[in-house]
Amino acid sequence: MTPARRVAAEFATSRIALAGLALLALVLLAAALAPWISPQDPYDLARLDLLDSRLPPGARSAAGTVYWLGTDDQGRDMLSAILYGLRTSVAVGFSSTALGLAIGVSLGLAAAWLGGWLDALVMRLADLQLSFPSILIALVLLAVLGQGLDKIIVALVAVQWAYYARTARAAALVERRKEYIDAAVALALSNARIIFRHLLPNCLPPLLVLATVQVAAAITLEATLSFLGLGLPITQPSLGLLISNGFNYLLSGHYWISVFPGIALVLAVVSINLVADRLSEVLDPHERRR
Amino acid sequence: MHRLLRILVAGSILWGLPAHGAELRIGLAADVTSMDPHFLGIAPNINMAWHVFDALTHVDEDARLIPGLAVSWRAVDATTWEFRLRRGVRFHDGTELTAEDAVFSIERTFQVPNGQFRTFTQRIVGKEALDAHTLRLKTATPYAMVPYDLNSVFIVSRKAAARSGPEDFDSGKAMIGTGPFRFVRFARGDRVELARNDDYWGAKSAWEKVSFRIVPTDPARLAGLLSGDLDAIEQVPTADLPRIRRDARLQTAQKVSWRTIFFHLDQQHDRAPGLADKAGRSLARNPFRDLRVRRALSKAINRQAISERLMDGAALPASNLVSPPVFGYAPDLKPEPYDPDGAKRLLAEAGYPDGFAMTLSATNNRYVNDEQIAQAVAQMLARVGVRARVEVFPINAYLPKARKHEFAFAMLGWGSFSGDLALRTLVATPNPERGFGAWNWSGYSNPKVDELLERGFASVDEKRREALAREAMRLAMRDYAVIPLHHQIATWAMRKPLAYAPRTDEFTFAHRFQAR
Amino acid sequence: MLSHIVRRVLQSFGVLAVMSLLVFAAVYAVGNPMDILVNPQSDQDEIARATAALGLDRPLLEQYFIFIKHASTGDLGRSFAFNVPAIGLILERMPATLELATAAMLIAVLLGIPLGLWAGLKPRSAAGRTIMAGSILGFSLPTFWVGLMLIMVFSVWLGWLPTSGRGPTTNLIGIPVSFLTLEGLRHLALPAANLALFNVSLLIRLTRSGTREALQQDYVRFARAKGLTETRIVGVHVLRNVLVPVVTVAGVEFGSVIAFAVVTESIFAWPGMGKLLIDSINVLDRPVIVGYLCIVVTLFVAINLFVDLLYSWLDPRVRPGEAR
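Chains as they are written, first to last, in my numbering: chain L, 13 to 302; chain A, 13 to 528; chain X, 4 to 327.
Watch out, some of these pointers could steer you wrong.
[Stated by the list, open to error] A short, non-exhaustive set of chain L residues, derived as facing chain X with CB atoms under 8 Å:
hint: 1; residue: Pro145
hint: 2; residue: Leu148
hint: 3; residue: Ala228
hint: 4; residue: Thr232
hint: 5; residue: Phe239
hint: 6; residue: Gly241
hint: 7; residue: Pro245
Hints were generated in silico from the structure; no laboratory data involved. These numbers were taken from a predicted model, which means no experiment stands behind them. Where a beta carbon is used, it is the ideal one built from N, C-alpha and C, also for glycine.
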């Protein structure tokens, strides 16, 4: 049985984790297919009608279509807005994690392999950054850089890279003493080849767990920043911005404008965390004593 | 005994009986940043200043000028104004008010670093206290608006405020005024506490103590009222108005505010920022310079829907730049009827049958529902073929950019005592020496309008001034110098036993709350 | 031990120096210090005066020293919005944030550790599973959303607790605090609970895994073989070994809680430093942003130093020179 198969089999023995995985698959599918499955393009201004604003879930539009989750204050269909918002939130979360992973892992592995001043520099920087909470770093970066999708991703990457660098370095330091690395060195393979084709695959398990947790954290952080008004602009709303918009209508009984995006966000994050939890139990040797 | 005590303590934690009595707790919608009445001219600071200080002239609920610390005033000659001060007025520390205090206060508006009140005292070149209760002010050129300008200059105590900076006001050291309340405490970002001035020269407040809580978050402010934490709030979130009106425990007060929301359209540049055709290529000329395009855009906006659906009735569609009760309002002008087909026809006539693309700029934290209004207007423009991209900024970032002409289609809100003052600032040909067009971002220039305004300001006859003001308003509005949207309706909500006389200037005065 | 302390203190100063360099670079080199430190609405004389006072016409290196000199005496410019020194503004609001953070941390520790212990001792029981499931939820729910729900449920529907703001304050050794009055506690309850949620979950999970690991250690088997009661084993031996890493994590999390208070303070209109930061970002009151950064960095370095020293004192296995 290949290691991947074994991991998958162990993973599947927990029903809660399987449920989480199923939910996550649903979320990702919805996010990916949003433009095709949404009843309405919520950002096509010509299709919106202010007279349809704040209709409750189940209400009908003039044309006869049903607004399953109601409409917001601009007459936008909530279901469509949530699907598009989910898409934005998930895309921002995954892409920033992927980028942070790429940068952090490269730096961490290089630091472990090459040692010397590079190691010292990268680790000092990582330590420095890790001693400050992510939200603070993100807030300051956004205050300096301003608003925009690219700036949010920069902030999220900046917040995450140090975790990956540190974990990758720690794993690489352990792996580096193993025999297969000695063999690779004896074969006079290039540094880059050793790092990426030999070290990296064996350092993956803890990185995978970390990345899964970080995706959820990135999505939540972006939602928080958008809620505070520092995140994405209103033309590309994520779930955080939708919740923030709906905040003002909570008390007047138009709960759906804020509560439904909130539920979507919670479902996405909880499902990722359930999967991450089980994955860490399966992959992390300390936890495997069950 | 112990058990009883424990039950009582537990009970009071759970049920939180608020301490009523002679204290009024009001929820404010915007942050009070400084107690110094000559520093930042933002509405919340001015609102607070009116409780502790007075000015020479006051303004009633309908934004009409009435006597304040000055009982009467007259123009001695074309460039000299004389004010007679009220006798027997005492500051909170007991000293008597004299004309010297007024002289000092006017002087101070120039001395406070970054003070924004010198715009109201700039035209005064000479000030003299003829005696303890007579003040003479000279202007360089004939200027009829001195009494109006002085409404914005608060009179502080020369003794208490000598060599004082904003910190002295925030701590209370210099907070000695003649107003209906004494200053007690300012907890920045949290609350301002005041106590009744029993020696006030005017109508005394019904409340011994007032606590202004600063709650800029709309839902939190409303929740405070609903839960009984607050007795009254200002700027009721519009979406909640219907619910509050149905609630038997609560009471609302509202009045058409002097604030008018409108749009500036760039009319001075051949190439304006953000304007292009739908494929992204720049246009041969600036479409906003064509009267037909401006009229088309105005027709495309469904003001009724915005007032009813977006503002929940807290807005009045506008035809003028000032609201109906204000001096200089031209009642014969009617709000533009909603006519999307007519708009499309006009656009085709003007050479834009497929419309064009533009950027709509607005604030997101200054006017009621500003961000939502911007989006709704963009929606309506899209329906007639004009693709509008919305960009919003906090007001502090918005204003500098607007002044640098970075916006071709910009939303602004303006409140004014009189139509001609509004036109002077927003629509008159920019002329810094004369103080014309300070906020005329569009660059609209109509010599006829300018002339009418000049004649109005020079004339001391109120009726003549009003006629000229109305004429100027008609000219500017028919020419679509700007596109007016609506007048805000200021709202207050309070517990049933309370009553408030709503104000056109949107201020929330604790001393105007009555208990029934 | 002393050399260890001295070394850590020196390291902290080093960190502060690096941070000051970064802040300086961000403000003076990358950003435009004119925009950042001088009120854009000033007139010409005011701008000239401020330029001279800040030394903005001097070479960059000299400006750095002027910046350090000002910063060490506590002069970080005047707030544009309030026209009072930025440092004073932030220090004025710090007690409110610290009070909130401390309350949240207390709730987290008092709830998280016992619950985590229970879940670690009885992992397969219904209670144990529920606690773990709850902790995942607590981890995942965004703080701001929980805050909204708390307001809806406890303030609006049930009417038990106030919706926002801080209660009346009394002076405790010169610092205004609000937890000494009933009214103050009522205002503190929801924001503190909101802020605590994430850390309750974190501490539950940490304590649980620490407990389970401790239970597998040899000394526990020996203790059982010796015939000690389960209570004594858990209460004395297991707990002590679990608490050390948990408490140090809690210490580090305190800094995180102070930063995260930004969100809670915004929702509950709690007049602390965090809300000041958000408001300042919105109105572009840059001296306050810079001031907040400097103060918070100093605070964090101090907290990290303290926790570091505490950890090495508590756990004799960690000593200078060991790699962590």
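Point to revise | alanine 228 (chain L) as chain X interface residue, shortest Cβ-Cβ below 8 Å | key: holds, 7 Å
Review point. Would the hint on proline 245 (chain L) stand, with a C-beta cut-off of 8 Å toward chain X?
Key: violated, 15 Å
Check your understanding: Are phenylalanine 239 (chain L) and chain X close enough, Cβ to Cβ, to be under 8 Å, as the hint says?
Key -> holds, 5 Å
**Study point:** Hinted contact threonine 232 (chain L) with chain X - closest CB pair below 8 Å
**Key:** Hint holds; threonine 232 (chain L) Cβ to chain X Cβ min 5 Å, cut 8 Å.
Exercise for review: For the hint on proline 145 (chain L), just tell me whether its beta-carbon gets within less than 8 Å of chain X.
Suggested key: holds, 4 Å
Check your understanding: When the nearest CB of chain X is found for leucine 148 (chain L), is that gap smaller than 8 Å?
Key -> With Cβ-Cβ at 4 Å, under 8 Å, it holds.
Exercise for review: So, glycine 241 (chain L) near chain X? Judge it on the closest CB pair being under 8 Å.
Suggested key: holds, 7 Å
Going through the hint list in order, the structure does not satisfy hint 7, though it satisfies all others.
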